[in-house]
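Visitor: Sequence:
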Amino acid sequence: MRIALGDVGPGQTFFVVAEPKEGTGGKYGIGGAYDQLAATSLPEGWSSTPSRLYGNPLQAEITVSKDAQDGEYDVGLTLWDEAGSEGLGPNVTFTVRAKVIREVMDMRVEPSHVSAGAGQPARYVITIMNKGIANDVFNIGSSGVRDWEFRRSIYIPSGTSKTLTYEVVGNEEADYRVKLLAHSSSSDRISAEREVTLRVNTDLFSDFRAVNRGVLLFPLTEAPLYFIVGILSNFI
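Note that our numbering gives residue 59 to position 59 of the sequence shown, counting from 1, and the numbers run on in steps of one.
Calculated from the structure, these hints are not laboratory results. Glycine included, every Cβ here is placed at the ideal spot set by N, Cα and C. Hints may contain errors.
Said to hold, decoys possible - Below, a list of computed lysine to any residue pairs in the SDA-like style, where the Cα atoms sit at most 25 Å apart: (1) Lys99 x Asp188; (2) Lys21 x Asp67; (3) Lys99 x Asp67; (4) Lys66 x Ser191; (5) Lys99 x Lys21.
Stated by the list, open to error - The following label-pair restraints were derived from C-beta to C-beta distances: (6) Thr197 x Lys162: 22 to 28 Å; (7) Asp70 x Phe94: 23 to 29 Å; (8) Glu172 x Pro57: 20 to 26 Å.
Using the sequences plus the hints, can you model the full thing?
Guide: Here is the structure:
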């Protein structure tokens, strides 16, 4: 018996889960429970961890080689009952097939252009889609703005997506072409990047707009003035 699982990336870890209880069969025909699930044959470079003994359910862990090339791979697994012939009898063996591809994630960024004052955060909304069968942690960073090295990490279960806000700060007035980068913590071969633009302004108007972001520090006596200017800047 061969079971197709879906897509997984190089270096990622996925799980094979089996229900241990068997309602029929065994020495007395009343069924029983298998005690462990383990991988008994693996592609070269792959590794595995057997399920916890007497677990419910039984969950075996399979890790793909970081060097695995795109393609379909088979993993042989075995369910066994430590009681042997006194229990459920012979082991049950089966095969699962996983398709290794690097395109198990996707990335969306909004907006594509942001203007901000010098030293003020430009915010981009990033959505990461995990399209594979493996849960994973994805690391987000950027390039293109000098002296800016902000990193964020986010855990995304298989088949789901998550959204986060990523900030970029430029200190010099200029137009920047910024690359937002995301890669799996399992392998750098699972990655995506999107290019956005950032315009950094150093005029007074930009500083007023920055008040709404809660970044500028100013004397307490000037707080009412900045409050009014911050509101007005939303309508200009």
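Visitor: Could you run down the list of hints and mark each one as holding or not?
Guide: Quick rundown of the hints versus the structure:
no., hint, verdict
1, Lys99 x Asp188, "18 Å, holds"
2, Lys21 x Asp67, "37 Å, violated"
3, Lys99 x Asp67, "14 Å, holds"
4, Lys66 x Ser191, "14 Å, holds"
5, Lys99 x Lys21, "29 Å, violated"
6, Thr197 x Lys162: 22 to 28 Å, "24 Å, holds"
7, Asp70 x Phe94: 23 to 29 Å, "24 Å, holds"
8, Glu172 x Pro57: 20 to 26 Å, "57 Å, violated"
Of the numbered hints listed earlier, those contradicted by the structure are 2, 5 and 8.
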